[in-house]
Structure formats: C-alpha cells, structure tokens
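2 protein chains.
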Amino acid sequence: MRRCYFDHVATNPLHPEVLDVMMPYFKEDFGNPLSIYDLGTSAREAIEKARGQVAGLINAKPQAIVFTSSGAEANNFALRGIAFARQNQGKHAIVSKVEHHSILNSARFLEKSGFVVTYLPVDKHGIVDPDTVKKSINKETVLISVTHASSEIGSIEPIREIAQIAKEHRVTLHADGVATTGNIPVDVKKLGVDLYSMAAHQFYGPKGAGALYVKEGTRIAPLIYGGIQEGGRRAGTENVPAIVGMGKAAEIAAQELPGRMEHCRKLRDALIDSVLKVPNVHLTGHPEKRLPHHSSFVVEFIEGEAMLLMLSMKGILSASGSACSSRALKSSPVLLSLGVPSALAQGSIVFSLGTDNSMEDINYFIEEFPQVVKKLRDMSPFSSGWGQGGEGDKCYTGG
Amino acid sequence: MRRCYFDHVATNPLHPEVLDVMMPYFKEDFGNPLSIYDLGTSAREAIEKARGQVAGLINAKPQAIVFTSSGAEANNFALRGIAFARQNQGKHAIVSKVEHHSILNSARFLEKSGFVVTYLPVDKHGIVDPDTVKKSINKETVLISVTHASSEIGSIEPIREIAQIAKEHRVTLHADGVATTGNIPVDVKKLGVDLYSMAAHQFYGPKGAGALYVKEGTRIAPLIYGGIQEGGRRAGTENVPAIVGMGKAAEIAAQELPGRMEHCRKLRDALIDSVLKVPNVHLTGHPEKRLPHHSSFVVEFIEGEAMLLMLSMKGILSASGSACSSRALKSSPVLLSLGVPSALAQGSIVFSLGTDNSMEDINYFIEEFPQVVKKLRDMSPFSSGWGQGGEGDKCYTGG
Numbered sequence: 002m003r004r005c006y007f008d009h010v011a012t013n014p015l016h017p018e019v020l021d022v023m024m025p026y027f028k029e030d031f032g033n034p035l036s037i038y039d040l041g042t043s044a045r046e047a048i049e050k051a052r053g054q055v056a057g058l059i060n061a062k063p064q065a066i067v068f069t070s071s072g073a074e075a076n077n078f079a080l081r082g083i084a085f086a087r088q089n090q091g092k093h094a095i096v097s098k099v100e101h102h103s104i105l106n107s108a109r110f111l112e113k114s115g116f117v118v119t120y121l122p123v124d125k126h127g128i129v130d131p132d133t134v135k136k137s138i139n140k141e142t143v144l145i146s147v148t149h150a151s152s153e154i155g156s157i158e159p160i161r162e163i164a165q166i167a168k169e170h171r172v173t174l175h176a177d178g179v180a181t182t183g184n185i186p187v188d189v190k191k192l193g194v195d196l197y198s199m200a201a202h203q204f205y206g207p208k209g210a211g212a213l214y215v216k217e218g219t220r221i222a223p224l225i226y227g228g229i230q231e232g233g234r235r236a237g238t239e240n241v242p243a244i245v246g247m248g249k250a251a252e253i254a255a256q257e258l259p260g261r262m263e264h265c266r267k268l269r270d271a272l273i274d275s276v277l278k279v280p281n282v283h284l285t286g287h288p289e290k291r292l293p294h295h296s297s298f299v300v301e302f303i304e305g306e307a308m309l310l311m312l313s314m315k316g317i318l319s320a321s322g323s324a325c326s327s328r329a330l331k332s333s334p335v336l337l338s339l340g341v342p343s344a345l346a347q348g349s350i351v352f353s354l355g356t357d358n359s360m361e362d363i364n365y366f367i368e369e370f371p372q373v374v375k376k377l378r379d380m381s382p383f384s385s386g387w388g389q390g391g392e393g394d395k396c397y398t399g400g
Numbered sequence: 002m003r004r005c006y007f008d009h010v011a012t013n014p015l016h017p018e019v020l021d022v023m024m025p026y027f028k029e030d031f032g033n034p035l036s037i038y039d040l041g042t043s044a045r046e047a048i049e050k051a052r053g054q055v056a057g058l059i060n061a062k063p064q065a066i067v068f069t070s071s072g073a074e075a076n077n078f079a080l081r082g083i084a085f086a087r088q089n090q091g092k093h094a095i096v097s098k099v100e101h102h103s104i105l106n107s108a109r110f111l112e113k114s115g116f117v118v119t120y121l122p123v124d125k126h127g128i129v130d131p132d133t134v135k136k137s138i139n140k141e142t143v144l145i146s147v148t149h150a151s152s153e154i155g156s157i158e159p160i161r162e163i164a165q166i167a168k169e170h171r172v173t174l175h176a177d178g179v180a181t182t183g184n185i186p187v188d189v190k191k192l193g194v195d196l197y198s199m200a201a202h203q204f205y206g207p208k209g210a211g212a213l214y215v216k217e218g219t220r221i222a223p224l225i226y227g228g229i230q231e232g233g234r235r236a237g238t239e240n241v242p243a244i245v246g247m248g249k250a251a252e253i254a255a256q257e258l259p260g261r262m263e264h265c266r267k268l269r270d271a272l273i274d275s276v277l278k279v280p281n282v283h284l285t286g287h288p289e290k291r292l293p294h295h296s297s298f299v300v301e302f303i304e305g306e307a308m309l310l311m312l313s314m315k316g317i318l319s320a321s322g323s324a325c326s327s328r329a330l331k332s333s334p335v336l337l338s339l340g341v342p343s344a345l346a347q348g349s350i351v352f353s354l355g356t357d358n359s360m361e362d363i364n365y366f367i368e369e370f371p372q373v374v375k376k377l378r379d380m381s382p383f384s385s386g387w388g389q390g391g392e393g394d395k396c397y398t399g400g
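Note that the protein sequences, when read in sequence, are chains F and Z.
In this text, residue positions in the first sequence follow the working numbering: the first is 2, and each later residue adds one.
In this text, residue positions in the second sequence follow the working numbering: the first is 2, and each later residue adds one.
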C-alpha cells in the first residue's frame, strides 16, 4: 500500500544531510559547550555556527537568536518573558483567537498572574484585522502576540501592519513563526517583530530544537533560569546535536525555499481542487493568503477522528488540527473562532504537504478520499443533516 | 598525547547502545507521538517504554515521570511549579546554599514573585544539617529543595532525614538528582522525596533529555504550557530520539551501576591520594559521603582557569566547578558557603571519572598533575602566600 505523509505540520522527516552533520556530536564531539578545553570549544563553535545559520534564514543578527527545546518553549518564553520584564509598565496583553495552545495557555497563565488579556477576534478566514489590534491597545498594554500563520487553518496574518501599530504604541510584538519558518520567506526586520518563535522539526530539522528571535535591545526574563548558556537567557546544557541540526536545516531551507514552495503549492492546489469536488466539504482558512503546503477543511456529517483513522488505513496520514490537540478530542478553539459551528468543527481535517510528496501521492489521494467520505457518511446518523431544522447541506457557508 | 576525560559531571559520552536505539527515530520512525496513525503510535509507545525505564532506575511508577529537555528545566519546573501550585497556602521556600544555579536562580525568581526564601547554611563539607531545615520551617513554608549531591563538591546530602521533616510539616520536598541519578543507587520511595530531577547526559544518555519525578498526587503547575503532552504537565513536541535514548541509558545504568561505582571509586581514590600529596591542596566536599566518581579540590596560589588550561594541554580535561559557571569567572557560591576564602575558591578544580577512564589514565595524571601545579606556582605572584599577613600555606584548613 502507498503511504502518503500529509501531516507536515505535525512534524517533518529529518533531512538526511541534517542527520549527517549531527552525528559527530553524538560521538567524538560530545563535549559540554561551556567547557574550556578543545571538546568544549568545538561544541561551542558548532552552536555559534548554527546560530548564524538560523539567523540567516530570517534575516536576523546571530546574537538575537536564543535556542530553546521547542517552538512551545519559545512561545512560553516570549509571552512570560516579556510580561515579567514589562509588568511594571502595565499588565495588559493581547493575543489572537487563532493562536496555538502554547500561546493561549500561556495567556491563561498570565491572567492567573494578574494580567488582563484581550483575545482578538478573527474574520471567517481566521485573519486578524489590524484595526481591531489598534482598538484593543490601552495604556496598560505591554505585549501583543499574533501567529504568523496558524498550523490549523494555514492563514497568514498581517504581521507587518500589526507591527507598525505595536511600534507606534511602544508595545512589544511577538509572532509565532513555528508554522512559517522554513516554509515561506521570513524577514524579521521587514516584518518589524520584536520576537519570533521557530521549531526545527517544522523544516526538516530535528525535534528538540527551537529558537526565539529576540530583537537587540529587547528586555526579556528567562523562562529557564540557571547557568550562563545563551547569554544568560536560557539555561541548561545545550542539546548540541539538535542545535547543529537546526542550523543545517535552516541553511538548507534558505537555499531550497523557492523550490519547496513551488513544489508544495502545485500539489496542494491539486489536492484542494479534488477535495472541494466532494459535496458539503469546505475549505477553512484563507483561500489565497495561506501557507503553500497547507490545506484544511471541514467535512460535514463526519467526525474528524473517524476520517483520520479510515484514511490512515489507506496509508494517507493527516491530522484533524493541531497535533497538540489531536488526542484531546475537543472542538478546536481556532475553528470556533472562525464561526464554524461546534458540530461541524468535529469534522475538521488538515492535509499538509512536503518535499517527500509527489503528484502520484496526490493522484492516489484523489482516488481514495471521496470513497472514504462516502463510506463514513453512509454509516453516519447525520448523513441527511444535523437534525436541527433540516439545515442539511447548507449548514455552513463560511469557507 | 593521551586524553583523559575527567569531566563527567559536565557531560558524558553517549553509550553506543543508546545511540543505536535512538537512530530509527531520526529516520523512518519520525512521527509525532500525538498523531493517531501508525507513525505516531510507534513514537508514543517508544516514549512510554522510556518512561518505564527511567522510572525503573529510581523505583518510581512510570506515570510519575515527566520528561523535560534538561536537568535545569526539571529544576525550574519543580521550584516554580510547586510554588505556583501552593502559593495560596504560603509563600516561603527553603533551598540550600550548595544548590546548582538552576535552583539558586529559580529561588531568586521566586523572591521577585513575592516569596521569601531561606538559604540553608552547610557545614565545612557542604552538608546540610536536617535540624537547620526543621528550624527554618514556618507556617508559610510550602517547598524545600536540597540537592541530592552537588556536582561541584560531590557531597551527598541527608535527603531521607530532610524528607521526614518535610513530611511532618506537610512541606513539598524536591531533590536535585542530576548528579546522582545513574551514578549512585536512587530510590525515590526510600528517600521520601516528592520531586526529583534527572538529566540523561549525566549517565551516558543524550543531551536534550531530562525528567522530573513527580510523586503521584502532587499538584504542580507546568513550566511550559501548551498541548496535552506529558499528561498536560509539559507541552511541546516530544524529543522522541532523546527520550528513547534516556530510557535506554537508564536501563543500562540500572544494570551496570554496581560495576560502574566500583570502577570509578577505585580510580577516584587513587587520584585523590596522589593529589593530596601535592602541598597546599585541599579536598573540598565530604571525604566519604560523596559521589563515587567525584573528586574536588582547591589548590592554593593558583587560579583554576590557568590550571584547567595547562592540564588540557596535557590532555587532562577537567572543570573548575559547575560547567554552567565555568565561563562566568566568578567565585563559586557553593565553595564560599563551605567557608572557603574567595581567593582560594578561584583555585578550585573538579576531576570526575567515568566508565571510559582506566588506571592508565590515573597513572598518567599522577605524573603530570604535580608538574602542572609546580609550573603554575613558579609563575604565580602568590606562591609565597596570599600577601595578607603571611598566612601562606596555612590559609585554609577546612578540607
């Protein structure tokens, strides 16, 4: 049976060249980067090389890159680090409703710590209106966090416009770039952000390595206190092999990005065309302003979980939303914020493509997907409608 | 030239069998553990196997193990997680003065967050007196954190006695087990701790994997918020290869521990005997109650940094204290807490041994070390004493 890995927003396979450069740091070059002898020095130099490579991918200065263990850690670090550093200036933060759990749950923590948080609404495509940001700012506002693109719906947010507003009001702006870094061009200077989160395994790098871009001059409190690693901003013995791998993955992504985007967009567009031919299936997220490798849908009268399982039996591997919530069995707050009804949000599915996919994968998918939907709908008690006033196939027109 | 790696408290080389079990998770088994298809399931099963292996090493239940990215993260998680969860019951915490920076700096953060922290004194060997702990507890006390053993001085603390006191007063007890786990027998049930930190690279596992033991029923707030990983206690895509490696390293450590301890102790004792034959060199930490692979000294009239460099030119790789502070060029607060004068604390050196060392290494060291000390003292302006009242070779008698 064919295997089509269509879940690149959950995680990516490691680029073989990336693994190659990591290997010496599992073997002979095992030193602690803080040690002053040769073994330590070579590990430290490897980390600094990686810092330059990651900085290069997003047009940052190397010293602005702080390595973390994951995108989630970078997001927690950004929100709590800025909130703690600036709490004497004000205790109001703004986040969008289409953020990842690591942002939304960090925001909840801030609320428990005495902050007031505004959750920005989005339009039916999941896009934040910069005017709403402007209106939400008050004298107490110290922090705004808006994702560059949601991995659930793929929509790309107007970060540049939001950054101008943030700058005018001297509010620190963080953008979650976990889904974007290495997948679309990112230039932190042009974007105008103060902080930007990344995760290596989203661009064919290893798990266990992430980073936070912290613009020079931005005061931030550490999330992990301890030794002097990362300029005192993030303690803990550095995960040298993973950091080295992240650097290499960033370097390769910078080189291959245009080709990757073209490859994925072509496959993705063919996939979207075929899926939307199935009745009562709606695209979620913005039709154009979206990640080139990303497609997401709600399928009426079907539970996402059942669809995932049946597709996986056909070798088609996908997700019903964020991997971090895929086993939580709750309606996605991101989809609800778009106005998708709760029952329909249960039928969400995300197909995210990568360099390892081919048009043969898409053709196989195009054959199998309609059959899976038909089979599940034949078994569904809701197949003739949601049972509420006979709204049937007209219950959702948002996408 | 011979290379003697005597810095196992900084980091360990990876056990070859550990790397072998990690490799599939860098290649074909690259899935996200939260994904519901086969690739996810196999990653998840691998993590649960590792959880059991780590639990087995310290006699814990698997569900009490929360994986983190490092020992430092586990320490931060423990202190802030308990402080936040229990702050309504009281805002007083107790830590010892011989803690790692990740504990001491977390304690400082708690102070900034409205907590009062008592820093427990130690005796000249760096040992905490359980009676002092008892006297420090008040109605506000919610948390005690004492290291099981300091990696700087090797002394093993009376955790069991402290645990009894903590239990009587319903205070949560955390022990930093980063230096002990996999190096001496650890039984969290016998110790009676509520929380216990570990780091894989301290027992021939990979960097990038640590864990916190959280006794069943202990309420703790996450340090990293987000998805539902680790039972909602630690978010972020799991570093599957590193976790798998930690599990294997724990399994091997459990099997090999008696042999490792005997091997290291024998070499270490020979090393200590030879070092103490050099005039004006003092052992730091407890002479008997110490980690079997650990020896630490202060060498009068010499700066530790110079000693490290000259030893490294001879292929002898060591540290002047905690790796996390080795480049900070400050007197170690741990040594100062033992009553070591500040100037003398600059001459600190730690030799920590491992399975990769042999008696040939020690014999080589025994030849070289006295010459290095002599050479440095010949160059030192302090070689005839510290220049303060001619205390000379009698300035320190603590060790």
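There may be inaccurate statements among the hints.
It does not matter which identical chain is meant; a pair holds if it fits inside one copy or across any two.
[Stated by the list, open to error] No more than 25 Å apart at the CA atoms, straight line, and that leaves these computed lysine-lysine pairs for DSS-like:
#1 K113 x K376
#2 K92 x K278
#3 K62 x K125
#4 K190 x K267
#5 K315 x K28
#6 K140 x K113
Calculated directly from the structure, the hints in this document are not laboratory data.
Being a predicted model, the structure only gives us computed values, none of them experimental.
*Any hints this thing doesn't respect? Which numbers, in order?*
1, 2, 3 and 4
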